[in-house]
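Starting from the given sequences, assemble the full structure and let the hints guide the process.
Going down the list, the protein sequences come from chains C and X.
Here the numbering used here is used: the first residue of the first sequence is 1, the next is one more, and so on.
Here the numbering used here is used: the first residue of the second sequence is 1001, the next is one more, and so on.
Quick caveat, the hints were computed from the structure, so don't treat them as lab data.
Note that the structure is a prediction, hence the values are computed from the model and not measured.
No residue lacks a Cβ here, since even glycine has one placed at the ideal position from N, Cα and C.
Watch out, some of these pointers could steer you wrong.
[To be verified] Here are the simulated distance ranges between beta carbons:
id, chain 1, residue 1, chain 2, residue 2, range
1, X, F1027, C, A160, 18 to 28 Å
2, X, R1007, C, K103, 23 to 33 Å
3, X, F1029, C, K103, 18 to 28 Å
4, C, W102, X, R1007, 22 to 32 Å
5, C, N100, X, F1027, 53 to 63 Å
6, C, D34, X, R1002, 28 to 38 Å
7, X, M1009, C, L113, 46 to 56 Å
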Amino acid sequence: MLASRVFSLVGRRSISTSLCLRAHGHAGVVKAEDYTLPTYVDRRDVPLPEVAFVRDLSAQQRALKEKEKASWSALSVEEKVELYRIKFNETYAEMNKGTNEWKTVMGGVLFFLGFTGLILIWQKHFMYGPVPHTFSDEWLSAQTKRMLDMRVNPVQGITAQWDFEKNEWKK
Amino acid sequence: MRGLLARRMKLHLLGAFVVSVGCAAVFKFAVAEPRKRAYADFYRNYDPMRDFEAMKEAGVLESAPRC
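So, in structure tokens, the structure goes:
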């Protein structure tokens, strides 16, 4: 409501856009921009696109289109293929064809994983200090012995793998 | 070109059914059944007092020391 009030205040003249100005000079019809027209697409789920692939036909192609209006059995195989190529860009087989992109992707991924591995090796060698003393062999064996004494996970876990009679791991 | 979705859906429906039932069956017979058997075997001749004495001897029980 308020917008129409502004309209009457400002006057119609200044509202004209550039398109409208152009229209006043060309019999009142605005030229359709390319992006507003139907387009051709090569898509699996669009078997018949809105427009043919070739928009501006050469003289030869126009003659072929005239011949198409007669009986189709008169057309040779090359002419039929030419008519197809006028209407469509790629065949379904060409459209669905796979690429070798996956090799590039895999190669890149593995390369950077390897590079990360090199970084980790450098870090372990040059940057990190020693591991805590609780990772030493003596501490780990004492730790495991205590777990077995406490009967940790006796059904399917660590205590189930220990033979208490022979005092060794089960085979 | 007809019935593309119908055919694909039929195939995938059947496949999904087979795969999910298969996964359930594999899990049941590779994980669940052995686990149940392991527990049954463990508790069939289990003597808690024997285990208690063993743990006490090893010295891991704070409220039941060896002395």
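A quick look at each hint next to the structure:
1. X:F1027 - C:A160: 18 to 28 Å: Between X:F1027 and C:A160, where Cβ atoms are some 21 Å apart, the hint holds.
2. X:R1007 - C:K103: 23 to 33 Å: 31 Å, holds
3. X:F1029 - C:K103: 18 to 28 Å: 39 Å, violated
4. C:W102 - X:R1007: 22 to 32 Å: The hinted range 22 to 32 Å holds for C:W102 and X:R1007, with Cβ atoms some 27 Å apart.
5. C:N100 - X:F1027: 53 to 63 Å: Since C:N100 and X:F1027 have Cβ atoms about 38 Å apart, the given range 53 to 63 Å is violated.
6. C:D34 - X:R1002: 28 to 38 Å: At 35 Å between Cβs, range holds.
7. X:M1009 - C:L113: 46 to 56 Å: 38 Å, violated
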